[in-house]
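Here are the chains, one letter per residue:
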Amino acid sequence: MDPKRSRNSPDSPESTRFPDEVLERVLSLLRSHKDRSSVSLVCKDWYNAERWTRTHVFIGNCYSVSPEIVSGRFPAIRSVTLKGKPRFSDFNLVPENWGADIHQWLVVFAEKYPFLEELRLKRMTVTDESLEFLATSFSNFRAISLLSCDGFSTDGLAAIATHCKNLTELDIQENDMEDNGGGWLSCFPENFTSLEVLNFASQQGDVSFDALERLVARCKSLRVLKVDKYVKLEQLHRLLVQSPQLTDLGTGNFQQELTPRQFAELESAFRNCKNLHTLSGLWDATSLYFPVLYSACGSLTFLNLSYAALQSGDLVKLLPHCPNLRRLWVLDTVEDKGLEAIGSSCPLLAELRVFPADPFDLDINHGVTESGFIAVSCGCPKLHYVLYFCRQMTNAAVATIVQNCPDFTHFRLCIMNPRQPDYLTGEPMDEAFGAVVKTCTKLQRLAISGLLTDLTFEYIGKYAKNLETLSVAFAGSSDWGMQCVLRGCAKLRKLEIRDSPFGNAALLSGLAKYESMRSLWMSACNVTMNACRILAREKPRLNVEVMKDDETDSRVDKVYVYRSVAGPRRDAPPFVLTL
Amino acid sequence: MSSPLIGVGEEEEEGRSNVTLLDSSSSMDSIHQNVSELKERNYMGLSDCSSVDSSTISTSSADNSCSFNLKATELRLGLPGSQSPERDPELCLLSSSKPDEKPLFPLHPSKDNTCSLSQKTLISGNKRGFSDAMDGFSERKIAGNSEVNAMLSPRTTPNLAVKSCTAKDNPVTQPAKMKEAVPQHVSQERPRAANENGLNRTNALNNSSNAKATKAQVVGWPPVRSFRKNTLATTSKNTDEAEGKAGLGALLVKVSMDGAPYLRKVDLRTYSAYQELSSALEKMFSCFTIGQYGSHGAPAREMLSESKLKDLLHGSEYVLTYEDKDGDWMLVGDVPWERFFKHWMKIDTCMKSFLYGLAAQKVICSSSNQCEVKYICIIFQLLGLLEKDRNKNYAIIHADVAIPPANIKGKELE
Numbered sequence: 001m002d003p004k005r006s007r008n009s010p011d012s013p014e015s016t017r018f019p020d021e022v023l024e025r026v027l028s029l030l031r032s033h034k035d036r037s038s039v040s041l042v043c044k045d046w047y048n049a050e051r052w053t054r055t056h057v058f059i060g061n062c063y064s065v066s067p068e069i070v071s072g073r074f075p076a077i078r079s080v081t082l083k084g085k086p087r088f089s090d091f092n093l094v095p096e097n098w099g100a101d102i103h104q105w106l107v108v109f110a111e112k113y114p115f116l117e118e119l120r121l122k123r124m125t126v127t128d129e130s131l132e133f134l135a136t137s138f139s140n141f142r143a144i145s146l147l148s149c150d151g152f153s154t155d156g157l158a159a160i161a162t163h164c165k166n167l168t169e170l171d172i173q174e175n176d177m178e179d180n181g182g183g184w185l186s187c188f189p190e191n192f193t194s195l196e197v198l199n200f201a202s203q204q205g206d207v208s209f210d211a212l213e214r215l216v217a218r219c220k221s222l223r224v225l226k227v228d229k230y231v232k233l234e235q236l237h238r239l240l241v242q243s244p245q246l247t248d249l250g251t252g253n254f255q256q257e258l259t260p261r262q263f264a265e266l267e268s269a270f271r272n273c274k275n276l277h278t279l280s281g282l283w284d285a286t287s288l289y290f291p292v293l294y295s296a297c298g299s300l301t302f303l304n305l306s307y308a309a310l311q312s313g314d315l316v317k318l319l320p321h322c323p324n325l326r327r328l329w330v331l332d333t334v335e336d337k338g339l340e341a342i343g344s345s346c347p348l349l350a351e352l353r354v355f356p357a358d359p360f361d362l363d364i365n366h367g368v369t370e371s372g373f374i375a376v377s378c379g380c381p382k383l384h385y386v387l388y389f390c391r392q393m394t395n396a397a398v399a400t401i402v403q404n405c406p407d408f409t410h411f412r413l414c415i416m417n418p419r420q421p422d423y424l425t426g427e428p429m430d431e432a433f434g435a436v437v438k439t440c441t442k443l444q445r446l447a448i449s450g451l452l453t454d455l456t457f458e459y460i461g462k463y464a465k466n467l468e469t470l471s472v473a474f475a476g477s478s479d480w481g482m483q484c485v486l487r488g489c490a491k492l493r494k495l496e497i498r499d500s501p502f503g504n505a506a507l508l509s510g511l512a513k514y515e516s517m518r519s520l521w522m523s524a525c526n527v528t529m530n531a532c533r534i535l536a537r538e539k540p541r542l543n544v545e546v547m548k549d550d551e552t553d554s555r556v557d558k559v560y561v562y563r564s565v566a567g568p569r570r571d572a573p574p575f576v577l578t579l
Numbered sequence: 001m002s003s004p005l006i007g008v009g010e011e012e013e014e015g016r017s018n019v020t021l022l023d024s025s026s027s028m029d030s031i032h033q034n035v036s037e038l039k040e041r042n043y044m045g046l047s048d049c050s051s052v053d054s055s056t057i058s059t060s061s062a063d064n065s066c067s068f069n070l071k072a073t074e075l076r077l078g079l080p081g082s083q084s085p086e087r088d089p090e091l092c093l094l095s096s097s098k099p100d101e102k103p104l105f106p107l108h109p110s111k112d113n114t115c116s117l118s119q120k121t122l123i124s125g126n127k128r129g130f131s132d133a134m135d136g137f138s139e140r141k142i143a144g145n146s147e148v149n150a151m152l153s154p155r156t157t158p159n160l161a162v163k164s165c166t167a168k169d170n171p172v173t174q175p176a177k178m179k180e181a182v183p184q185h186v187s188q189e190r191p192r193a194a195n196e197n198g199l200n201r202t203n204a205l206n207n208s209s210n211a212k213a214t215k216a217q218v219v220g221w222p223p224v225r226s227f228r229k230n231t232l233a234t235t236s237k238n239t240d241e242a243e244g245k246a247g248l249g250a251l252l253v254k255v256s257m258d259g260a261p262y263l264r265k266v267d268l269r270t271y272s273a274y275q276e277l278s279s280a281l282e283k284m285f286s287c288f289t290i291g292q293y294g295s296h297g298a299p300a301r302e303m304l305s306e307s308k309l310k311d312l313l314h315g316s317e318y319v320l321t322y323e324d325k326d327g328d329w330m331l332v333g334d335v336p337w338e339r340f341f342k343h344w345m346k347i348d349t350c351m352k353s354f355l356y357g358l359a360a361q362k363v364i365c366s367s368s369n370q371c372e373v374k375y376i377c378i379i380f381q382l383l384g385l386l387e388k389d390r391n392k393n394y395a396i397i398h399a400d401v402a403i404p405p406a407n408i409k410g411k412e413l414e
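Going down the list, the sequences are from chains A and B.
Under UniProt numbering, think of the first position of the first sequence as 1, with each following residue one higher.
Under UniProt numbering, think of the first position of the second sequence as 1, with each following residue one higher.
Hints may be right or wrong, so weigh each one.
Residues from chain A that keep clear of chain B, each with C-beta distances beyond 12 Å, as calculated [as the list claims (entries may be wrong)]: (1) L23; (2) T53; (3) F74; (4) S202; (5) A264; (6) S299; (7) S306; (8) N324; (9) D358; (10) R391; (11) A396; (12) K438; (13) E515; (14) G567; (15) F575.
Derived CB-CB ranges, DEER-like [as the list claims (entries may be wrong)]: (16) E276/B <-> D35/A: 55 to 63 Å; (17) K283/B <-> G313/A: 43 to 51 Å; (18) L288/A <-> K283/B: 41 to 49 Å; (19) F115/A <-> K283/B: 21 to 29 Å; (20) E276/B <-> P574/A: 37 to 45 Å; (21) Q204/A <-> K283/B: 24 to 32 Å; (22) P574/A <-> K283/B: 31 to 39 Å; (23) F58/A <-> K283/B: 53 to 61 Å; (24) Q403/A <-> E276/B: 49 to 57 Å; (25) Q256/A <-> E276/B: 36 to 44 Å; (26) P114/A <-> E276/B: 43 to 51 Å; (27) P568/A <-> K283/B: 57 to 65 Å; (28) E234/A <-> E276/B: 51 to 59 Å; (29) E276/B <-> P320/A: 36 to 44 Å.
Since the hints were made in silico from the structure, they are not lab data.
Since the structure is predicted, the reported quantities are computational estimates derived from the model, not experimental observations.
Note that beta-carbon positions come from the ideal geometry of N, C-alpha and C, so glycine has one too.
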């Protein structure tokens, strides 16, 4: 976005002579950054008004902009959301020490935003030193959320707990966090009562339960509590008794020998939680202890069972108690029968994620199949978000599914065996995804799998007009496929491709496109250094980063292309070559 | 007799010159054996064709150790790929698909193994025979990588045995057939990324000696976040055991020790470090060796210390070894526990069950005149027991207990 581009709006001068104060007052009510981006493009006045009133900035790629630029444009930021590494780093495709370190940002923020309150990071590298720096530099700091980050340990959490006197949110999710003991919980001062969100479900070790219990007892505003799997059922009971006001609960280990009295007490504690709308954790849960939950399940809208290896029978028992579910995450141990139960018990379901319990197991007798998916689609017409890991699928099944649920906005299908065809007909899965893009006009995010030819990409380019994110793996036959997508999907923002036969022609066909996208990732494709150099030369506002393993091969292993106003990054490690 | 040394080609010389393993027919002669060679010993001599025999004795080895064919139990050393002629060809399973030259360090990727089936003659005592056979026959047999080979018990899966050895008498043709059977499969595996993902060993893909049996693991595929993968790997083991289901793949393995009247069962998942596994095994089996010292078979922890056991066994030291998918005897402990443990997870799913028995080798120094190395070997076997239709994880770990030469007493270890 070019700040100098805004001009005074044409014609009616009255509409532009808003008093600044009024304009700012109005604009300060805008929350969505897309709206704010649009507003800032209207004219110079509006641009200025917007920048002075923006309090939250979302940066989808931490290298697309520098902290200096951000702080220069937005002087009043109190909340920052940053995303770092490419998404494929979740799957070990990005080597370690790639970058996305938060520290430089914190240094600048400490100077420019001393009143910073919130920091939400995804796929960034965060060290303990950074956390300590954060905790000590911002006196008003309230909320930290780390999702899929790495580089820190519980010592960093201790620093946060010790120094952030006004902390309301400590949300540590799915991180690669070193566990140096659970003592960090004890670091919250005894007079500390402001916590509202506490999520340490991804911790891999014990915490000091006494400290936790006292903390929960004194933080009366606590609404989100997600403990790690080392918290036992009877400990959970004690926590629940202290915090019946919880709206989000992540239990610990859900399997323990309970006496009937303990069972009853736990059940009563759950019954007292009248506001519970999210339930997760449930490690090692079996249907044996589900009855304690029943009374709390009536108001549940989000149930995360993806850490409990339940069987279909377990789900059949539980789901009728959860009629209001909107979001459900399960493991594929529930199998098709479990999915049928979902279809029949959860008419309001909008999001379903089925994770593989054993991703490397290729025995198709396990897990879920296409019939489970069909069953869900029949029973849950409001389904719009699905993430489905399966070992077999057919074109016909997918066509049926999208007929039943034409409102998909996120369709992520992962057939776990790469390049697997329709198992009944032996054909490629092109028609399946063709059906998806033709029927689901609102589709924003698509992840494809199975045996796919260029035809899939033709369909996508032709029909998926609202598509913003596309994930491709082991798919396509030639450059033509990628070209179709780049040409056809006007709203495409993120394209990530791995192990597909797209080469230089495909890469270069998107020359005009990449600046309108957030990023492009290609790994294990047929792209060579030459094409990357050409791309870098033609488009100086793009950062073209390549990673090559093999010196002799002219092909690049990984190329990551993203637009940036900050120029090439200065912290690139030696294995990343910025062209 | 020159004994083929399976496992490490480089060790061949050592093997030849030093080791005269149990000569079954003869009385227990003194045997020169370096401790270091324990791991290179070809236990296949005991485990392959004689697995027919030994499978029947797997549960009570003490009794059966005398009953089966001593010759069959003879330990042999030899080159991989070589065949020991007097082996019962019935169990001369398919090619090990190991090249003759094996990398010393099996962690090394060896791409050339991809279609090396054909040149392999059957190796009697090839540990992987059955697994290879099995996998060759089902092209979609794409189990996860298995560091350890599955051995079918012919007793329990006779069909497979027959299938896999269609030409029992023609072992050489078998690999060729298998090769044809699986080239498509293997070639499909080729394009898959050869990189290891965080959970797999580097050589997993490339060791397609097993690759035809094992699915090539691709980095970052299926796209499941590491946190979730790790969590699932270590969760719900208790549940599954309690319910008798494998669920997320509880690694229930049987442990048998020769001389013990009954077996024990362990779940590899309950251990987070080698030390735990080692001490658990010690604990389990110490009751047999030190029964007279302990109380009720549940001796106190102090008694289970290694030093104590050492004393009891006259300075013997437990050495845990395991057999990896190359057939090499690896010292347990070199690989970080997590990786070691995760290897067991990627096992061929077609195996319903297998077990093979291995008798304890007892060697008694008969001559007291010379300062000879007495070698006593107690083989612990962890036998994978696969739950029906479920679990496919198994592991084979052998623990050797060797008595250093200094402490020779004419004592037989029961």
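Hints, verified against the model:
| no. | hint | verdict |
| --- | --- | --- |
| 1 | L23 | 44 Å, holds |
| 2 | T53 | 37 Å, holds |
| 3 | F74 | 32 Å, holds |
| 4 | S202 | 6 Å, violated |
| 5 | A264 | 22 Å, holds |
| 6 | S299 | 27 Å, holds |
| 7 | S306 | 7 Å, violated |
| 8 | N324 | 26 Å, holds |
| 9 | D358 | 6 Å, violated |
| 10 | R391 | 10 Å, violated |
| 11 | A396 | 21 Å, holds |
| 12 | K438 | 25 Å, holds |
| 13 | E515 | 27 Å, holds |
| 14 | G567 | 30 Å, holds |
| 15 | F575 | 14 Å, holds |
| 16 | E276/B <-> D35/A: 55 to 63 Å | 57 Å, holds |
| 17 | K283/B <-> G313/A: 43 to 51 Å | 36 Å, violated |
| 18 | L288/A <-> K283/B: 41 to 49 Å | 30 Å, violated |
| 19 | F115/A <-> K283/B: 21 to 29 Å | 59 Å, violated |
| 20 | E276/B <-> P574/A: 37 to 45 Å | 39 Å, holds |
| 21 | Q204/A <-> K283/B: 24 to 32 Å | 26 Å, holds |
| 22 | P574/A <-> K283/B: 31 to 39 Å | 49 Å, violated |
| 23 | F58/A <-> K283/B: 53 to 61 Å | 56 Å, holds |
| 24 | Q403/A <-> E276/B: 49 to 57 Å | 54 Å, holds |
| 25 | Q256/A <-> E276/B: 36 to 44 Å | 22 Å, violated |
| 26 | P114/A <-> E276/B: 43 to 51 Å | 49 Å, holds |
| 27 | P568/A <-> K283/B: 57 to 65 Å | 59 Å, holds |
| 28 | E234/A <-> E276/B: 51 to 59 Å | 26 Å, violated |
| 29 | E276/B <-> P320/A: 36 to 44 Å | 42 Å, holds |
Figure legend: structure checked against the earlier numbered hints; hints not met, in rising order: 4, 7, 9, 10, 17, 18, 19, 22, 25 and 28.
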